[in-house]
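Q: Below, each chain spelled out in residue letters.
There are 2 protein chains.
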Amino acid sequence: MATFGDIGVAAAINIITAFIFLIAFAILRLQPVNDRVYFPKWYIKGLRTSPTASGAFVRKFVNLDYRSYLKFLNWVPDALRMPESELIDHAGLDSAVYLRIYLLGLKIFVPIFLLTWAVLIPVNLTNDTLERSKETFSQIDKLSISNIPHGSPRFWAHVAMAYIVMIWTCFMLKREYQTIANMRFYFLQSEKPRADQFTVLAKNVPRDANETISETVENFFLVNHHDNYLTHQVVCNANKLAKLIKKKLKQQNWLDYYQIKYSKNPSTRPMMKTGFHGLWGSKVDAIEYHEAEIEKLSTEITEERKNVMNNPKAIMPAAFVSFKTRWGAAVCAQTQQARNPTLWLTEWAPEPRDIYWKNLAIPYVSLTIRKVIMGVTFFFLTFFFMIPITFVQSLANIEGIEKAVPFLKPIIDVKPIKSFIQGFLPGIMLKIFLILLPRILMLMSKFEGFISISRLERRSASRYYLFKFVNVFLGSIIAGAAFEQLNTFLHQSANRIPETIGIAIPMKATFFITYIMVDGWSGTAGEILRLKSLIIYHLKNIFLVKTERDREKAMNPGSIGFNTGEPQIQFYFLIGLVYAVVTPFILPFILVSFCIAFVVYRHQIINVYNPKYESRAAFWPDVHGRVITALIVSQILLLGLLSTKHAVASTPVLLALPVLTIGFHMYCKGRFEPAFTRYPVQEAMNKDTLDRVKEPNMKGNLKRYVENAYMHPVFKDEDYEYHYDDGSMVVPTKRQPRRNTPGSSRTDGGVALLLPEVILAERKP
Amino acid sequence: MATFGDIGVAAAINIITAFIFLIAFAILRLQPVNDRVYFPKWYIKGLRTSPTASGAFVRKFVNLDYRSYLKFLNWVPDALRMPESELIDHAGLDSAVYLRIYLLGLKIFVPIFLLTWAVLIPVNLTNDTLERSKETFSQIDKLSISNIPHGSPRFWAHVAMAYIVMIWTCFMLKREYQTIANMRFYFLQSEKPRADQFTVLAKNVPRDANETISETVENFFLVNHHDNYLTHQVVCNANKLAKLIKKKLKQQNWLDYYQIKYSKNPSTRPMMKTGFHGLWGSKVDAIEYHEAEIEKLSTEITEERKNVMNNPKAIMPAAFVSFKTRWGAAVCAQTQQARNPTLWLTEWAPEPRDIYWKNLAIPYVSLTIRKVIMGVTFFFLTFFFMIPITFVQSLANIEGIEKAVPFLKPIIDVKPIKSFIQGFLPGIMLKIFLILLPRILMLMSKFEGFISISRLERRSASRYYLFKFVNVFLGSIIAGAAFEQLNTFLHQSANRIPETIGIAIPMKATFFITYIMVDGWSGTAGEILRLKSLIIYHLKNIFLVKTERDREKAMNPGSIGFNTGEPQIQFYFLIGLVYAVVTPFILPFILVSFCIAFVVYRHQIINVYNPKYESRAAFWPDVHGRVITALIVSQILLLGLLSTKHAVASTPVLLALPVLTIGFHMYCKGRFEPAFTRYPVQEAMNKDTLDRVKEPNMKGNLKRYVENAYMHPVFKDEDYEYHYDDGSMVVPTKRQPRRNTPGSSRTDGGVALLLPEVILAERKP
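Those sequence lines, one after another, are chains S and G.
Heads up: the first sequence is residues 1 to 765, going by the numbering used here.
Heads up: the second sequence is residues 1 to 765, going by the numbering used here.
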């Protein structure tokens with residue numbers, strides 16, 4: 001068992017690590033040469049250009065102004081200063097709402113922290129159960145529920161606190177849900193006309209031997225929505241074409257590389273081997289070889305493009321159907337079209353840039369099979385990953401190691417080493433395990449066939465959370481405990497699990513404290529450094545960049561990464577709710593990590609990330625649902641824990657908790673969830689009417705515009721990998737921001753002017 | 001423990017009882033005087049008139065034709081002969097689908113019965129565990145899972161059978177769901193135009209200080225559904241008016257009674273006391289008194305009617321909104337109207353005769369509170385009802401009684417008394433308890449505020465099922481077992497319950513066998529006798545009937561009673577599924593009861609019941625859901641049972657069962673449930689187009705018709721309690737059916753002609 005001393009050492013290590021990251025960041029961000037790594041968002045918005053100011057050559061790369069280094073933490077107030085409404089304009093609703101998850105955490109846990117420390121810690125501390133027992137214990141256990149004797153009436157304090165935690169959490173959740181639903185409506189209402197507002201994605205179009213898909217779609221919607229139907233765009237299977245274009249792009253990159261190499265050293269023409277990754281094969285002139293390759297690919301691309309356009313087999317049974325009004329689209333998206341509810345499935349179309357085009361080509365039959373396969377795969381992934389974790393976790397218990405490998409005892413007993421092992425190792429090992437996981441999960445979601453990037457990320461997020469729940473949460477608790485009580489555990493029946501976990505929970509508090517410090521303190525501070533992006537940017541800059549456009553491509557601002565970030569926050573919610581009543585000592589650690597993360601991510605959202613899509617906070621029901629899940633888990637585990645403490649009378653009282661929580665969830669689902677999945681006809685009609693007044697000639701251009709919007713990107717622009725059309729055009733008003741601050745809250749005059757798409761439509765060929 | 005002999009005695013008693021009922025029915029139904037009790041459906045359809053054939057006076061009341069008595073079971077083939085399509089024409093889709101529940105039971109349980117008897121009974125029987133144990137056991141236990149020794153590999157046979165049961169049940173459920181969804185669509189498509197197809201009920205209309213509700217509704221729908229909106233009918237709070245009319249009707253009945261009395265004996269004018277129920281007070285002339293009362297009430301009614309019409313406070317924030325096309329109604333019913341999803345709630349309007357008018361006047365705020373109150377009430381009702389049941393159930397165990405009250409032993413030990421107590425008493429006592437319950441539950445549903453009778457019945461049914469599950473199923477199992485192992489049980493934690501129930505299940509097989517015989521054999525046979533209706537009809541005939549119309553009113557054909565009948569069937573499904581693997585000996589008893597019930601209810605539906613509404617099989621998702629619940633319960637209990645049998649390896653295999661079942665349920669919910677709640681726009685458009693071709697002048701009359709259809713019945717007809725307008729007019733083609741058979745399958749030429757409502761609308765003032 002870790003002592004206060006161990007925790008202190010771990011905290012010190014993590015605080016120092018975090019400070020090192022922050023200072024490194026403060027220095028690196030001030031160097032002009034890194035400007036595009038730390039402020040890419042401003043470049044993308046056109047509000048900042050490369051630091052080509054007059055002056056010494058060296059000042060283009062290194063900041064020599066010593067005063068700017070003194071104010072190295074200035075970015076914190078800068079990050080906090082931008083008001084939320086401006087943040088929404090600047091970075092989109094998704095980002096602004098994402099930050100509110102951290103705020104929600106603070107709103108929930110600050111009062112719980114104050115109350116539990118004021119009530120439960122004295123209640124727990126004024127016992128001597130642990131002292132009288134013969135087991136070893138630490139001071140932290142004295143602050144926890146473990147210190148209450150069996151069958152004590154003091155457990156009623158914990159039961160009452162469980163109720164307070166539930167009521168407060170639900171109250172905050174409800175308020176937040178309401179706020180975010182309103183923000184979403186306000187956002188939708190204030191948006192300029194966009195293609196996705198008029199468009200519905202119709203899937204599972206039945207194939208007809210006598211008609212093409214396009215004709216079937218047109219006939220169906222002309223008949224069943226004849227007043228509203230405008231046009232449609234069938235979906236083609238352009239995956240092969242996309243692959244060819246990607247290949248050509250890669251060859252182009254190599255060609256660039258060799259051309260730069262040649263221009264730097266014109267005496268020798270660069271040579272290369274044609275075999276695998278240039279490792280073997282005959283030696284050829286690299287520039288000529290790549291030019292020939294690109295030529296060949298270009299021909300293939302032209303042919304494949306013709307093929308996709310003309311081959312009826314390349315047309316998928318899905319279409320983007322556009323309507324004359326938002327009302328028509330809202331109605332079509334919300335109603336059932338055909339008698340068979342698995343045919344003519346309609347849903348509100350995602351933004352054009354949000355669509356994951358590859359998956360539109362997947363036929364429906366295979367979708368179900370893919371889902372099943374991925375379900376089984378995920379089950380095995382989750383439960384077989386546990387084997388290494390179990391091993392690593394078991395190291396966290398030093399007494400266990402000493403027993404198992406007694407000859408290591410003298411080394412481990414050295415005080416700093418012991419503290420280091422206990423405070424640092426388990427968290428870091430877990431982290432390494434988990435780094436690879438989001439990619440695997442994302443691949444799995446893609447295989448499963450979701451058609452928008454936002455849905456892909458949401459699915460990956462929920463799987464990642466489940467994985468963390470089973471492996472990090474349950475895995476840490478049971479595996480650690482299993483090392484001690486493996487024998488008793490194996491012979492237990494399945495339904496005793498809540499009890500077993502309940503008993504183990506107080507013992508694992510220190511592990512989770514160190515986990516939070518590594519993951520939430522040092523880890524978050526590391527995020528701001530963007531070490532990986534920094535290195536890649538400079539490598540690209542040296543080897544590939546020829547033009548200003550290349551430099552822009554090399555920036556890679558990244559995005560929030562909902563699929564990894566949100567489960568991480570949710571994991572803190574889970575730990576916080578589970579331990580709120582059991583070991584309230586853990587709460588301040590979580591609060592600190594929320595604070596750090598809020599500031600860091602707010603800074604990143606303002607200065608770095610460039611969102612791939614705008615889902616208008618569509619993820620909030622997931623966030624809400626997972627907090628509810630955590631609440632229910634905490635209640636069931638408390639029930640299990642107390643039932644082993646011979647507090648029998650508390651069982652029925654505690655049983656009501658999950659029931660009430662589920663009831664609350666149902667209520668919220670009915671009251672708020674529709675706001676995130678449906679477009680009310682009144683709102684649609686309202687906006688339609690406003691548009692008619694504001695832009696009376698929009699109707700004529702609408703058809704041309706929506707047709708273009710949902711064209712597969714390979715038909716629009718060969719360079720589509722780096723090109724996202726967000727559906728509304730940005731006319732940047734270039735401006736030189738102040739050198740050392742991103743000018744975050746001072747851009748009132750510089751906010752991009754959003755012009756309606758009608759203008760865009762006019763300009764397109 | 002009951003022996004085969006005890007079960008034999010119980011079976012004999014129940015078979016004899018059932019036969020007595022059937023013979024009594026055979027005799028009573030042949031008497032012309034009872035004709036209106038046993039064939040009311042044909043009178044209502046106008047296909048049969050009173051037996052006023054020429055002949056002796058006595059033959060009007062008693063059937064003297066001895067030959068007809070010989071064929072006393074002839075009604076059985078008659079009941080089975082009518083094909084399903086004709087049955088739907090004759091009695092509606094609801095009734096036809098209701099009968100399919102019994103068929104589903106047979107389809108599920110016949111193969112399971114054959115398989116379990118062929119496999120599990122030999123597996124169980126060829127052991128000697130029970131003989132070697134010191135406990136008492138019966139031969140039935142030898143056929144059950146109890147006879148397998150702990151940890152035996154033979155349990156794999158049971159696990160495999162649990163899988164087969166699940167797969168087969170799910171397969172049949174899916175097929176049936178599909179069939180019924182298709183029947184529903186076919187029925188909808190073949191119906192004549194009806195008001196409810198064009199109408200949507202809009203609830204929670206926001207109140208506006210400057211507008212009446214009617215204006216608000218009109219404005220909202222003119223704006224948001226301007227192409228489709230036709231008209232609307234606001235809902236008024238006419239509950240006081242309805243009460244007055246009811247009171248007047250009652251006084252009218254008494255007046256009739258005294259007038260008949262006076263006409264029979266003109267020498268003395270009938271006198272009455274004015275006090276409570278005629279028990280005290282001053283004596284007055286009864287006819288004059290009632291005439292004066294009716295006069296007074298008529299004035300009050302006229303005034304109240306004016307009040308309701310003119311008082312804006314009597315208008316509720318709800319309206320029936322009608323559209324020009326079915327398409328418009330389907331769209332409005334399926335879309336979310338306003339930003340706040342609790343305002344402007346729209347749903348497909350129920351049939352006019354299905355509406356429970358009283359509840360349309362309940363404001364929304366109070367609805368939520370009512371729901372909570374009823375939830376809590378139901379909880380207490382369910383769990384406090386257990387006290388008497390527990391006591392009665394404990395009597396079922398004769399050894400227990402002997403131990404508890406040793407001086408009764410000599411009496412109980414008399415063989416026939418013992419068998420009687422064990423075979424008959426527990427079922428009967430439970431039945432009495434349960435007779436009152438449906439009324440209470442119906443009142444609770446009404447208080448909860450559902451707006452259609454079909455929804456009221458569905459809610460009552462699901463509560464009744466829950467009640468039966470907790471009290472009859474769990475109550476019988478635990479209470480009976482608790483009598484034996486009370487001590488061990490009280491000190492168990494909540495999560496051991498599945499195990500405890502699992503252990504007790506095999507012991508309770510005999511109790512459920514007798515329960516099925518009393519409830520499903522004798523009880524169902526008793527249903528056909530209609531003893532209560534018979535008595536009431538003859539009483540009314542003597543005291544109240546003056547005209548042919550009065551006689552028609554006295555018939556009271558009743559309806560299926562979905563709220564009591566369906567939970568009963570579901571209870572058999574539950575017992576069948578739970579015992580299929582544990583004690584397959586129980587299955588033939590269930591099969592017999594399904595057969596009896598199918599024949600009896602088919603007869604009653606053809607000849608007696610007059611459905612109050614036609615919900616177009618909207619109850620099927622409930623039926624499906626409850627069978628799924630029973631399946632999951634059976635799987636969890638098997639898990640509990642096997643975990644006590646030290647068949648540890650089976651636990652993970654069994655855990656997959658409920659998971660798979662829930663997955664299947666999800667699939668069915670997505671695939672079939674929409675068919676029961678939504679009207680696909682393609683179907684609506686289809687039918688609209690057909691109508692336009694068939695009745696081109698319908699459009700003009702539609703408005704007048706739908707306005708009338710959803711007028712509160714008190715404004716239409718004072719006698720509304722007995723008047724149901726089903727929305728399509730019936731022009732009967734009178735015809736004299738054959739005397740002793742209802743001519744069920746021979747009515748091809750006599751099927752009522754359904755004329756479209758446009759004609760009805762023409763005729764209405």
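Derived by calculation from the structure, the hints in this document are not laboratory data.
Just so we're clear, the structure is a prediction, and the values are computed from it rather than from any experiment.
There's no promise every hint is true.
Copies of the same chain look alike in the list, so a pair counts if it fits in one copy or across any two.
[As the list claims (entries may be wrong)] With a cut-off of at most 30 angstroms between alpha-carbon atoms, the simulated DSS-like pairs for lysine-lysine come out as follows:
1. Lys174 <-> Lys203
2. Lys174 <-> Lys371
3. Lys703 <-> Lys142
4. Lys273 <-> Lys107
5. Lys203 <-> Lys540
6. Lys371 <-> Lys532
7. Lys669 <-> Lys203
8. Lys694 <-> Lys418
9. Lys273 <-> Lys645
10. Lys174 <-> Lys669
11. Lys247 <-> Lys273
12. Lys418 <-> Lys296
Q: Work down the list of hints and note, for each, if the structure agrees.
A: Consistency of the hints with the structure:
With identical chains, the CA atoms of Lys174 and Lys203 are at most 30 angstroms apart between copies only, with a shortest distance of 24 angstroms across copies and 34 angstroms within one. Within a single copy, Lys174 and Lys371 get their C-alpha atoms only as close as 32 angstroms, which misses the 30 angstroms cut-off; across copies the closest is 20 angstroms, which meets it. With identical chains, the CA atoms of Lys703 and Lys142 are never at most 30 angstroms apart, being 70 angstroms at best within one copy and 77 angstroms at best between copies. When the C-alpha separation of Lys273 and Lys107 is checked against a cutoff of 30 angstroms, the pair qualifies neither within a copy, at 61 angstroms, nor between copies, at 71 angstroms.
Taking identical chains as interchangeable, the C-alpha atoms of Lys203 and Lys540 are never at most 30 angstroms apart, the minima being 41 angstroms within one chain and 62 angstroms between chains. For the homomeric pair Lys371 and Lys532, neither the shortest alpha-carbon distance inside one copy (34 angstroms) nor that between copies (56 angstroms) is at most 30 angstroms. In this assembly of identical chains, the alpha carbons of Lys669 and Lys203 lie at most 30 angstroms apart whether taken from the same copy (26 angstroms) or from different copies (19 angstroms). Proximity of Lys694 and Lys418 under a CA criterion of 30 angstroms is satisfied in neither setting, with 71 angstroms inside one chain copy and 89 angstroms between copies.
When the C-alpha separation of Lys273 and Lys645 is checked against a cutoff of 30 angstroms, the pair qualifies neither within a copy, at 72 angstroms, nor between copies, at 69 angstroms. In the homo-oligomer, the alpha carbons of Lys174 and Lys669 lie at most 30 angstroms apart both inside one protomer (10 angstroms) and across protomers (28 angstroms), since each shortest distance falls under that limit. With identical chains, the CA atoms of Lys247 and Lys273 are at most 30 angstroms apart within one copy only, with a shortest distance of 18 angstroms there and 103 angstroms across copies. Taking the shortest alpha-carbon separations for Lys418 and Lys296, neither the intra-copy value of 63 angstroms nor the inter-copy value of 96 angstroms comes in at or below 30 angstroms.
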